[in-house]
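Spelled out, the chains give:
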Amino acid sequence: MELRLDGLSVVTDGKSLVRDLSLDVPDGTVVGLVGPNGSGKSTALRCVYRALRPTSGAVRVNGDDLARLTLRRSAQLIAAMTQDGAVDLDFTVEEVVALGRAPHLRGAQRLGRDERDACAAAMDRLGIRHLADRGILTLSGGERQRVLLARALVQDPEILVLDEPTNHLDVRHQVQLLSLLRQSGLTVLVVLHDLNLAAAACDRIGVLSQGRLVAAGTPEDVLTPELVLDVFGVGASVVPHPLTGDPQLLYSLDPAH
Amino acid sequence: MPPPVTSEPTAPTARAGDTPPTPAPVDLPTATPGRKRLLATGPGLLLTCTVLGALLVVSVVVAIGTGAAVIPPGETARYLWAALTGGTIRADEATTYQIVWQIRTPRVLLAALVGAGLSAVGVAVQAMVRNALADPFVLGVSSGASVGAVTVTVTGGLAALGLYAVSAGAFLGALAASVLVYAASTRRGALSPLRLVLTGVALSFGFQALMSVIVYLAPDSEATSTVLHWTLGGFGAATWGALPLVTAVVAAGLFVLQRHARALDLLALGDETATSLGIDPDRHRKALLVLVSLVTGVLVSVSGAIAFVGLVLPHVVRMVVGATHARVLAVAPLAGAVFMVWVDLVSRTLAAPRELPLGVVTALVGVPVFITLMRRNGYAFGGR
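Protein chains in written order, with the numbering used here: chain Z, 1 to 257; chain B, 258 to 641.
Honestly, the hints are just simulated from the structure, not real lab data. Hints are not guaranteed to be accurate.
Heads up, incomplete: computed chain Z residues facing chain B, CB under 10 angstroms, no partners named [said to hold, decoys possible]:
#  : residue
1  : A51
2  : T55
3  : A58
4  : A67
5  : R68
6  : M81
7  : L89
8  : Q109
9  : G112
10 : F232
11 : G233
12 : V234
13 : G235
14 : S237
15 : P240
16 : Y251
C-beta atoms are modelled at their ideal positions from N, C-alpha and C, and glycine is treated no differently.
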């Protein structure tokens, strides 16, 4: 299912957070959003999972305006892994994952056998099955991130949006999570801070600066030393990955270089 | 913060951060149970509810039989059976029968209903405003009810309602308070949980001041006792007349809450997550506010503001059956009903013939229980 941000603008309290952002996420591809802090990445993403209503423009799935769908319907199509992971109550990991089925259930309807199997499979995939009976509030940050991704997978969406999913994860789980995204076959829009991970994981990358899309394309086209200096204010050398050929950035802490 | 000593038998996983390195996913086909809550399973829940239900029936019969005139449970059951089936009793039993059926039964049933209602509403309020310290009265409902009741007592208004005038005044006061809290805490049409709590607390102080002024200026002392009754609560005024309405309101409230149990779960995950999982948090919060105000308003108008039940019972139940609202909402009303029946019994027998205010007993019994439970199980609500 294709996701498209169509001339998206968000103005909050007179401040323009996202300006006329247009970006295509073709069916089954992984598209990364990168940019400095405060460049509007999370704001754009919030419009996709409908926590925020765009001031103008639209988010389209297969051409349909998302705002015309019920929240329940869009939750069946789009799953989100957000930064807002604060949970009030000490649900068990299993219960949190099972809540991913919420958009598919009505009223007091209970989980079916297939759905419980799907939850178990998702926990296996993320390596958190052994935590099933643990309270969510007792987990470390990285474990919690994986629980939230398992919940998003259980939601059985067409489109997955993730806001800095590699936060708190150790390097092994970062690599695991991103390769899982690549293999999922879902349409993925992901905000990443680490440009090297973005280059390795994404088919295309969009670069945001002060709410505007300043570059979009394949990692090779986008991640140039000029752009990194221009947008992030950091000098970097770009070298091809010795095995995959993906562009990788090397930074120097010495301003003389 | 983990307690120094844990008496939980299976607690290999007590703290965050001390988990062993995660083995590869494929290595773990069979999960090792960590902190499995036995009562959190389907059969366990059924068992819990059955036991509590039986306990409630026994408690009600015992409570009806106990008082200034002690009636053995067998006799009590016989009177109740006679009353329900239209059976006959001997003429010399008429006085005892009157005590059982006309005075004690409505009182004990009202206690059970109010206990059940306050517990369930407490669960809903805590999820609605995302605050562990919230109870049904945090939104100013109880102080609003007191103002309404005192106003009616002092001015003699609503006289057309006769016996129910003061209760009606209390209900109107409670509703007025809810509407005020709602109006004052919405911003751009949205209802923020934190603003809701703060507005409720602030307006409660306002209502209390208003109440004090009315009592201070009132010529008689009846207003003072009315205030005392409404702030500490009691079932002394229970009659059969109010029971059908209270039953209907509590039953409807429980039914609606049970239907929305999953939405309450989602609200506890935060607004952004709730939205991404397909519910509109703001709309649910507004609907909950209406429901909570109506149910609490009715409960307060028949029994006054009985503190502590709606705050602590939800926590106690969560410690036992876990956080999922479908389970909590099944168990909390039963537990609250049993608790309230016993609290009322203690309040009218401990210092007989005088009655202790209910609020005193709830605090005396509940506070130590709550603190003990909280220390023992490493219970967490929004962090530890």
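Consistency of the hints with the structure:
The interface hint given for A51 (chain Z) holds, since its Cβ lies 5 angstroms from the closest Cβ of chain B, which is under the 10 angstroms cut-off. Interface restraint check: T55 (chain Z) against chain B, minimum CB-CB distance 14 angstroms, threshold 10 angstroms, status violated. Using the Cβ-Cβ criterion of 10 angstroms, the hint placing A58 (chain Z) at the interface with chain B is not satisfied: the shortest such distance is roughly 17 angstroms. Interface restraint check for A67 (chain Z): the shortest CB-CB distance to chain B comes to about 13 angstroms, outside 10 angstroms, so the restraint is violated.
This hint is violated: R68 (chain Z) has a C-beta 15 angstroms from the nearest C-beta of chain B, more than the 10 angstroms allowed. Against a cut-off of 10 angstroms between C-beta atoms, the interface hint on M81 (chain Z) holds, since the closest Cβ of chain B lies about 9 angstroms away. Because the beta carbon of L89 (chain Z) sits about 4 angstroms from the nearest beta carbon in chain B, less than 10 angstroms, this interface hint is met. Satisfaction of the interface hint for Q109 (chain Z) is found here, the shortest Cβ-Cβ separation to chain B being roughly 9 angstroms, below the 10 angstroms cut-off.
Because the smallest distance between the Cβ of G112 (chain Z) and any Cβ of chain B comes to about 14 angstroms, over 10 angstroms, the interface hint for this residue is violated. Contact between F232 (chain Z) and chain B, as hinted, is not supported at the beta carbon level, the nearest pair being about 27 angstroms apart and thus beyond 10 angstroms. Among the interface hints, the one on G233 (chain Z) is violated; its C-beta lies about 30 angstroms from the nearest C-beta in chain B, farther than the 10 angstroms criterion. Interface hint at V234 (chain Z): violated, since its Cβ lies 30 angstroms from the closest Cβ of chain B, which is beyond the 10 angstroms cut-off.
Annotation: G235 (chain Z) was flagged as interfacial toward chain B, and the flag is violated, the nearest CB pair being 36 angstroms apart, outside 10 angstroms. At about 34 angstroms, the closest approach between the beta carbon of S237 (chain Z) and any beta carbon in chain B exceeds 10 angstroms, and the interface hint on this residue is violated. Of the supplied interface hints, the one on P240 (chain Z) is violated, with its beta-carbon coming no nearer than about 30 angstroms to a beta-carbon of chain B, more than 10 angstroms. Below 10 angstroms, beta-carbon pairs count as interface contacts, and Y251 (chain Z) has none with chain B, the closest being about 29 angstroms; its hint is therefore violated.
In summary, the numbered hints that this structure violates are 2, 3, 4, 5, 9, 10, 11, 12, 13, 14, 15 and 16.
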